[in-house]
Amino acid sequence: MNDQVRQVRDFFVSLKLTVVLLAFSILLVFLSTLDQVHLGIWGIQEKWYRSFIVIHDTGSARLPVYPGGYLIGGLLMINLIAAHLYRLKFEWRKAGIQLIHGGVIVLLVGELITGILQEDFQMTIVEGGSRSYSESFRDYEVAVIDVTDPKHDDVVAIPDSLFSRGGEIQHAKLPFKVVPQFYFPNSIAQPRAQVPNAPPVAANQGAIAPRYVVTEQAIDYSQNGRNVPAALVALVATEGTLGTWLLRPEVPVLRRDENGQPQLSADTAAPERLTYGGRTYELSLRLVRAYHPFSIRLLKVTHDKYVGTEDPKNFSSRIEIKTPGGKDDREVLIYMNNPLRYGGYTFFQHQMEAARGLTGLQVVSNPGWLLPYVACIMMTFGLLGQFGISLWSFIKKRRAKTAAPKPAAT
Amino acid sequence: MKKFLPLALLLLGVAIVVRSLVPERNKTEFDLVGFSRLPVVVNGRVKPLDTVARTSLVILQSSQTAIAPDGTKLTPNEWLLDVLFRSQRADAYQHFEINHPEVLALLGVTTADGRDKKRFSFRQIEPKMDALQKQVGLARDIQSALRTPYQKAVLQLYSNLGLYIRLKASLVAPDHRDFLEELMTFQTNVVTGVAAVRAQQAKQPHDEKLAAQMLESAGRFDRLGELAYLLAVPPAGGEANVDGWKNIGRSLLDSFQTQRVDASLLVYAGLARTWRADQPKEFNELLSRYLAILEKGFPTTLKKDAAEARFNAAQPFYTATILYVLAFFVAVGSWLVWPVELGRVAHWLIGLAWLLATVGIATRVWLGGYAPVTNLYSSALFVAWVAAAFCIVMEKIFRNGIASVAATLIGVPSLIIAHHLSLDGDTLEMMKAVLDSNFWLSTHVICVTAGYGATFLAGALGLIYIARGLLTSSLDKPTADSLARMIYGIVCFATLFSLVGTILGGIWADQSWGRFWGWDPKENGALMIVIWNAILLHARWGGMAKARGLATLAVFGNVITAWSWFGVNLLGVGLHSYGFTENGALWLAAFAASQVLVIAIAYLVPFAKWRSFRETAVK
Chain A
1 MNDQVRQVRD
11 FFVSLKLTVV
21 LLAFSILLVF
31 LSTLDQVHLG
41 IWGIQEKWYR
51 SFIVIHDTGS
61 ARLPVYPGGY
71 LIGGLLMINL
81 IAAHLYRLKF
91 EWRKAGIQLI
101 HGGVIVLLVG
111 ELITGILQED
121 FQMTIVEGGS
131 RSYSESFRDY
141 EVAVIDVTDP
151 KHDDVVAIPD
161 SLFSRGGEIQ
171 HAKLPFKVVP
181 QFYFPNSIAQ
191 PRAQVPNAPP
201 VAANQGAIAP
211 RYVVTEQAID
221 YSQNGRNVPA
231 ALVALVATEG
241 TLGTWLLRPE
251 VPVLRRDENG
261 QPQLSADTAA
271 PERLTYGGRT
281 YELSLRLVRA
291 YHPFSIRLLK
301 VTHDKYVGTE
311 DPKNFSSRIE
321 IKTPGGKDDR
331 EVLIYMNNPL
341 RYGGYTFFQH
351 QMEAARGLTG
361 LQVVSNPGWL
371 LPYVACIMMT
381 FGLLGQFGIS
391 LWSFIKKRRA
401 KTAAPKPAAT
Chain B
1 MKKFLPLALL
11 LLGVAIVVRS
21 LVPERNKTEF
31 DLVGFSRLPV
41 VVNGRVKPLD
51 TVARTSLVIL
61 QSSQTAIAPD
71 GTKLTPNEWL
81 LDVLFRSQRA
91 DAYQHFEINH
101 PEVLALLGVT
111 TADGRDKKRF
121 SFRQIEPKMD
131 ALQKQVGLAR
141 DIQSALRTPY
151 QKAVLQLYSN
161 LGLYIRLKAS
171 LVAPDHRDFL
181 EELMTFQTNV
191 VTGVAAVRAQ
201 QAKQPHDEKL
211 AAQMLESAGR
221 FDRLGELAYL
231 LAVPPAGGEA
241 NVDGWKNIGR
251 SLLDSFQTQR
261 VDASLLVYAG
271 LARTWRADQP
281 KEFNELLSRY
291 LAILEKGFPT
301 TLKKDAAEAR
311 FNAAQPFYTA
321 TILYVLAFFV
331 AVGSWLVWPV
341 ELGRVAHWLI
351 GLAWLLATVG
361 IATRVWLGGY
371 APVTNLYSSA
381 LFVAWVAAAF
391 CIVMEKIFRN
401 GIASVAATLI
411 GVPSLIIAHH
421 LSLDGDTLEM
431 MKAVLDSNFW
441 LSTHVICVTA
451 GYGATFLAGA
461 LGLIYIARGL
471 LTSSLDKPTA
481 DSLARMIYGI
491 VCFATLFSLV
501 GTILGGIWAD
511 QSWGRFWGWD
521 PKENGALMIV
531 IWNAILLHAR
541 WGGMAKARGL
551 ATLAVFGNVI
561 TAWSWFGVNL
571 LGVGLHSYGF
581 TENGALWLAA
591 FAASQVLVIA
601 IAYLVPFAKW
611 RSFRETAVK
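So the sequence lines, in the order shown, correspond to chains A and B.
Take 1 as the starting number for the first sequence in the working numbering and just add one per residue.
Take 1 as the starting number for the second sequence in the working numbering and just add one per residue.
Quick caveat, the hints were computed from the structure, so don't treat them as lab data.
Small disclaimer: the values here were computed from a predicted structure and weren't measured.
Accuracy of the hints is not assured; some may be wrong.
No more than 30 Å apart at the CA atoms, straight line, and that leaves these computed lysine-lysine pairs for DSBU-like [what the hints assert, rightly or not]:
1. A:K89 to B:K546
2. B:K522 to A:K396
3. A:K313 to B:K477
4. B:K303 to A:K401
5. A:K305 to B:K128
6. B:K546 to A:K94
7. B:K118 to A:K16
8. B:K118 to B:K128
9. B:K128 to A:K397
10. A:K305 to B:K477
11. A:K151 to A:K327
Some, not all, of what chain A presents toward chain B, calculated at C-beta under 7 Å [as the list claims (entries may be wrong)]:
12. P210
13. V213
14. T302
15. Y306
16. P312
17. S316
18. D329
19. V374
20. C376
We put the beta carbon where it would ideally sit given N, CA and C, even for glycine.
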């Protein structure tokens, strides 16, 4: 092995690197915590952790300010694995250390799997209502649904990530191509009458375009921030274009509140309809849906408070879960700290408006959910073993030491 | 002397404990002890009036000692009796603490008008109520994080006034001349009265005067129902029916239907009359009968309330603080003279304080029905407890007084912090929704808090290493070595607890929110402690930190732990943020600066120039 290779190896297996990287990571965690005062949790994750270099936007310039979570975490992983491979001599004395570090690896791998594969959805149900799909919290899709058969819908869903890339989209089930014209991840819609010098109508079909002016907005990363996208889509068949549609999941509506004051609220936009080749299609931009092979019916929501206070004691939803074949048909109570795990999904009590009989369940699919438990057990036993061994040998040594002078004294 | 003094010190400690445990006795002919045990519900928890008296006083004036205008000292229960039953007199008690000079100016009073230059009576404030309300209206519109100290002081005072006014209306109507008579008349008339009102509504002939009286009563009871602070009317269903407790107004409104006034209302009105008329015999007679009735339906409640009242009076954590202070001086003394004798006494004193704290924490667990740590207050108690437990074991092994001093270095500040946190009111709170899980409270929260305690302990040992090594010549080689070993050992435990605790927290989050890790400020704080301990261990294994390095790293652990414990609450973001004041921020900054200063000094003075090591070098 030549010197340079040895140097590189020594660098990557050294404890010094470990300490330096840990110091970098503690500062990363601290700085990102402080930054939360300015930036919501999603923004923090993108900026500080899911990045190789942290870019700070001062308003006038974007400056690289710190190594990001991927860089530090990645180097720590390399350091950890390299050190273990290099010193790969299994000894019982060091079993604890191996177990602890194994646990760290499992934990980090688990988080990586979660980061890549976890899917978060929500399911909002009213008492008595039933749902067989969940909706994403943030991601949208363009759905083209063949509704010709009243008993059966044929859905083609195009995720916003694919849509925002542009280019023609061809699907075997569709007799036409879907051609994105533009995609705004966040937008506002204003009634055309209220906008002076309104730009010309962008689309030649559909109900939204002639009535509203839709303008692109910066993405809102704050904790409770909502982004409402908009898309302009053209449908092109072999004989030529069928038209362009402006799609948006919701449209503003002016209503009068109980005092007669005008209030702006949002309504779900009705799907656009078109007929082509003797079949009827519905076109909409909506939250990504995950269809389940079972349905959930909300029987009752309960919001308990402590007597004489407004402090919440518990939120719970009694639901009925049913599969079409009738394999499952039972009642389940979902409440705080007690989610339902079913069909690869976990259903958590998330939001509640008891007065309106409304429950919001968070629906999560995470193939890596068990790994933190495994890591926790590994690390606990590793730490107990390692420190136990040290403590034991220390006490033994000490006993020998205190016992030794005695015979000399007598 | 060598034998006598240590023994005397130990006996002093025991005497302090015994004295605190002596049951309260009635100072006057009134059975105040019996009264203090009456159960009521506030903030969702059944508690004795004794707790109501003490927590109300602490909220209003940050002290449990009330003083009447004539200078007589009142026990919390005497004070409460006057507030509940003789509010004319209580209105003159100076128990509203006001510190902000502009608020004083607003009220048209000066510090000279107040007791202890800061406490004022309802009567002193009342004339300026309109001016105060105007300021409250202005302050309320501002987001809480953006309010000025003046605005906060205005709102604080207003909320305290609200508490006092609601408290006054808790057991009897505060504007009554004789509430008992009013209730008796109502009881006599309710059947015919309700009939008269029904007839009136049906446009039938009826007794108009009686109907008008009934409607007026209904209005009064409704206002009482809105106002009364305590849920003092026990439910018919007995102990199991905690949700059935009512305040007097609601109970009276119900009596239109049941057509009888609840017995407890008559008892309270009778107690009010006898208290005002200064008739201790009748007061005690009525009280003992009522307690006998409660004993049938609420035996466990009464037992718990009696225990809670005694616990309140004993103040075990206050006594423990005194013992720690005593132990500190004894243990430091052991480094100068009689190391064996004084060292042993210090060890015993800490054992005694720890035992007392254990009993105190166990009592809180029994009373509240939750795991030991549920809020910042109980976490401060637990940090002191964990650190002392480690120290007692370490002192048993090393017998050099160091662990004893370390125990007091953490015990005293933690308990003082706990005392200040207790000024917000009742520390036994009901847990809100997602936190209401004893399984996670007793695993995740305990582990994390034990991690705080252990990390602080390593920091305290680091401080002792630096202070003794740098400033005295007492740190010989074997002591220095064992001190370094103690730091290392404790850091191992700190790593274990904070790592396992943090991961358990993640698992809890996964169970209740559907995500294992969300980079929430409190989660980040816990992670920082884990990483810091990992840095310490790896630096030692890699030979990057020797004894001094280990000591200074451990001292910086104090800063990180303090940040994680309190600092993240200052940001006001995230799921774990609970109230904490600017005052706290100032203390936190001062603490961090002091620790950094110690570290700086430890590095600026060359190791060979430290007094302890200089002399060994000469030798």
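So, going through the hints one by one against the coordinates:
1. For the suggested pair K89 (chain A) and K546 (chain B), the alpha carbons sit about 27 Å apart, so the restraint of at most 30 Å is met.
2. For the hint linking K522 (chain B) to K396 (chain A), the alpha-carbon distance of about 40 Å lies beyond 30 Å, and the restraint is violated.
3. With a CA separation close to 57 Å, the supplied pair K313 (chain A) and K477 (chain B) exceeds the 30 Å bound.
4. Note on K303 (chain B) and K401 (chain A): the hinted pairing is violated, with a Cα-Cα distance of about 53 Å set against a maximum of 30 Å.
5. At roughly 36 Å between alpha-carbon atoms, K305 (chain A) and K128 (chain B) are farther apart than 30 Å, so this suggested pair is violated.
6. For the suggested pair K546 (chain B) and K94 (chain A), the alpha carbons sit about 22 Å apart, so the restraint of at most 30 Å is met.
7. Between the alpha carbons of K118 (chain B) and K16 (chain A) the distance comes to roughly 57 Å, so the proposed pair goes past 30 Å and is violated.
8. Between the alpha carbons of K118 (chain B) and K128 (chain B) the distance comes to roughly 17 Å, so the proposed pair stays at or under 30 Å and holds.
9. With a C-alpha separation of about 74 Å, the suggested pair K128 (chain B) and K397 (chain A) falls outside the 30 Å cut-off, and the hint is violated.
10. This hinted pair does not check out: K305 (chain A) and K477 (chain B) have alpha carbons roughly 61 Å apart, beyond 30 Å.
11. Between the alpha carbons of K151 (chain A) and K327 (chain A) the distance comes to roughly 23 Å, so the proposed pair stays at or under 30 Å and holds.
12. Given hint, P210 (chain A) at the interface with chain B, is violated; its Cβ is 41 Å from that chain's nearest Cβ, farther than 7 Å.
13. At its closest, the beta carbon of V213 (chain A) sits 33 Å from a beta carbon of chain B; the interface hint therefore is violated under the 7 Å criterion.
14. Evaluation of the T302 (chain A) hint against chain B yields a violated restraint, the C-beta minimum of about 12 Å exceeding 7 Å.
15. The criterion of a C-beta within 7 Å of any C-beta in chain B is met by Y306 (chain A), whose closest approach is roughly 3 Å, and the hint holds.
16. For P312 (chain A), the shortest C-beta to C-beta distance to chain B is roughly 4 Å, which falls under 7 Å, so the interface hint holds.
17. Below 7 Å, beta-carbon pairs count as interface contacts, and S316 (chain A) has none with chain B, the closest being about 10 Å; its hint is therefore violated.
18. Given the 7 Å rule on beta carbons, the hint for D329 (chain A) is violated: about 25 Å separates it from the nearest Cβ of chain B.
19. Violation of the interface hint for V374 (chain A) is found here, the shortest Cβ-Cβ separation to chain B being roughly 11 Å, above the 7 Å cut-off.
20. Interface hint status for C376 (chain A): upheld, as the beta-carbon distance to the closest one in chain B is roughly 4 Å, under 7 Å.
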